[in-house]
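Visitor: These are the residues of each chain, in order.
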Amino acid sequence: MYDTSDIRKGLKVLMDGNPFTIVEFQFVKPGKGAAFTRTKFKNLLTGAVFERNIRSGEKLEPANVEEKEMQYLYKEGDDFVFMDPQNYEQVTIPGEIIGDDHDLLKDNISVSVLFFNERAVGVTLPNFVLLRVTGTEQGVAGNTAAGNVTKPALLETGASVQVPLFINEGDLLKIDTREKAYVERVKG
Amino acid sequence: MCGRVLWRDGESIGLRTRVGDVVVAPAGEARAGDLVAAAGASEPPVVVRRYPGDEYPPPGSEVARLNPRRLEALARRAAVLRVVRGFFDRRDFAEVDVPVRVRAPALEVHLDAVAAGPDWWLITSPEYQMKRLLAAELGRIYSLCRCSRAGEVGAQHQPEFTMLEWYRGWAELDDVLRDTEELVAEVAMALWQTTLLSYGGRALDLTPPWPRRTVAEVMAEWAGVPVRGDEDADELGRRVRAAGVDAGDAVEWDDLFFAAFVERVEPRLAALERPLVLVDWPVALGALAREAPGRPEVVERFEVYAGGLELCNAFGELTCPAEQRRRFEADQARRARAGKPVHPIDEKLLAALSEGLPPSAGNALGIDRLVMLMTDRADIRDVVWFTADEL
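Sequence order for the protein chains is A and B.
Take any residue in the first sequence, count from 1 to its spot, add 14: that is its number in my numbering.
Take any residue in the second sequence, count from 1 to its spot, add 37: that is its number in my numbering.
Only chain A is shown next, with the shape it has when bound in the complex:
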């Protein structure tokens, strides 16, 4: 069991059967009262965030949560297949667990897979990936109305992102997976 002095960012705890990670905490203590840790928890399954005041002396239950580096192999229908490079074991993870950025997954890319009670519950891509443009219009006027001179580009993994006008088919782009956004063009 954890107590309030163990609280830190990233600590994984179990509450009402759900795994949570601590995203923020603050020490609060009225002069004549007990100390509390005002703690922000994020549900690792739903992403929902909520706040609770944990009184000094209260206990928190550790969650059986493990993060593993795995390699993306291939897509199988709506599922995605990953491999543990340590022991070559494969796991199949449904697309809805991977979420919006499943169309940034490129073969052999290394991702972080979150297991809760030995079951995969989340996949985190590296912050940046390099992907090639498979389709974009040449030299269009772009959407200049708001001062943004951009156009859509289709990437090799199926995702579509807004890119500057000078980007051509075949270019290699650095993509921020958190925003699903173009960062820069790279050589190669």
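Be a bit skeptical, because a hint or two may be false.
Going by beta-carbon spacing under 8 Å, a handful of chain A positions derived as facing chain B [said to hold, decoys possible]:
#, residue
1, 40
2, 62
3, 66
With a straight-line Cα cutoff of 20 Å, these simulated EDC-like cross-link-like pairs (lysine to aspartate or glutamate) come out [stated by the list, open to error]:
#, chain 1, residue 1, chain 2, residue 2
4, A, 46, B, 317
5, A, 46, B, 419
6, A, 120, A, 75
7, A, 46, B, 268
8, A, 73, B, 289
9, A, 194, A, 115
10, A, 120, A, 30
11, A, 23, A, 75
12, A, 46, B, 197
13, A, 23, B, 189
14, A, 46, B, 126
15, A, 46, B, 328
16, A, 54, B, 283
17, A, 73, A, 30
18, A, 56, B, 283
19, A, 54, B, 303
By construction, these hints were calculated from the structure, which means they are not laboratory data.
Glycine residues also receive a C-beta, built at the ideal position from the N, C-alpha and C atoms.
Assemble the complex: chain A is given as a structure, and chain B must be docked to it using the hints.
Guide: Just chain B now, with coordinates in the frame of chain A:
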């Protein structure tokens, strides 16, 4: 290669080389910290602290730790201390120095003293010693001292901090409240020539007098918990939980009260644009305050919250030795239940109360928080010269 002289060691002070001069390094790859010759002068070498292009200040250095923003707040801190001393000196208060190391530290269950050798502890406040001085017929005393409270680390807490505590004999709690209002206003005027400040992006009007509300009012209105002050813990627990407050597994009166206070009242206090004086505290949170005349469910105690900071805690002092002993024994029992060290009762304090104390009132004000308020800093680490983790 050349660099600017930011500091020189005693051995190498040149006659004409001054801090700020540009000096030329000998050929080669000189770095900050190297000895180099001063430019064009037949002078001893100086230690170069910085070259153009170096990262400055060097990460982890003292110069980086005490950055200009922090030094600005610390200069204000010194000014606050000067104003505080002037304020009390002009009112004929005697400044007293109290020991920081004692045998019988505070017994309140939520104060954890720092051990300072076998059977010795660092004070959590100078209260017990100052009350002995009241018994010595010193009618107006103040102290600026260092206090320590184990485990208190956060944006508003450091385990070692500076406390201003003052007492008036033959005085009422209202007299001390007036001192507090005038002191804070005087500090603001001295630093900023106005009592209209801003704190954390909100306007904060420190002009006296400050609004007052009772603890019962704010608990009912903001927390949805009716509190009289003399109900038992079971009854309070039912009301707190009925109001939907997350009280965890709390069973003690004070834990239940503060679960509601921290969840519902403190966030509201942070949003106020004037300081709030919270008066009429429940007798269960009486500590060293005396019962209010004719209202046994509350004690003579106030706290001031300004900009969300708990600035001070004041009592109409309990002077009855028998009642004080009863409360100390209750505190000892409560500490034992909580599995905390049970400190001895300060018999010298009780003896002083038996000699006779005039009706007195006193206040304890956190200087660090006053400086935070005056310099618009959200983190106490920005207003102290050394934090605990910088030692």
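Visitor: So which of the earlier hints does this model not fit?
Guide: 2, 5, 6, 10 and 14
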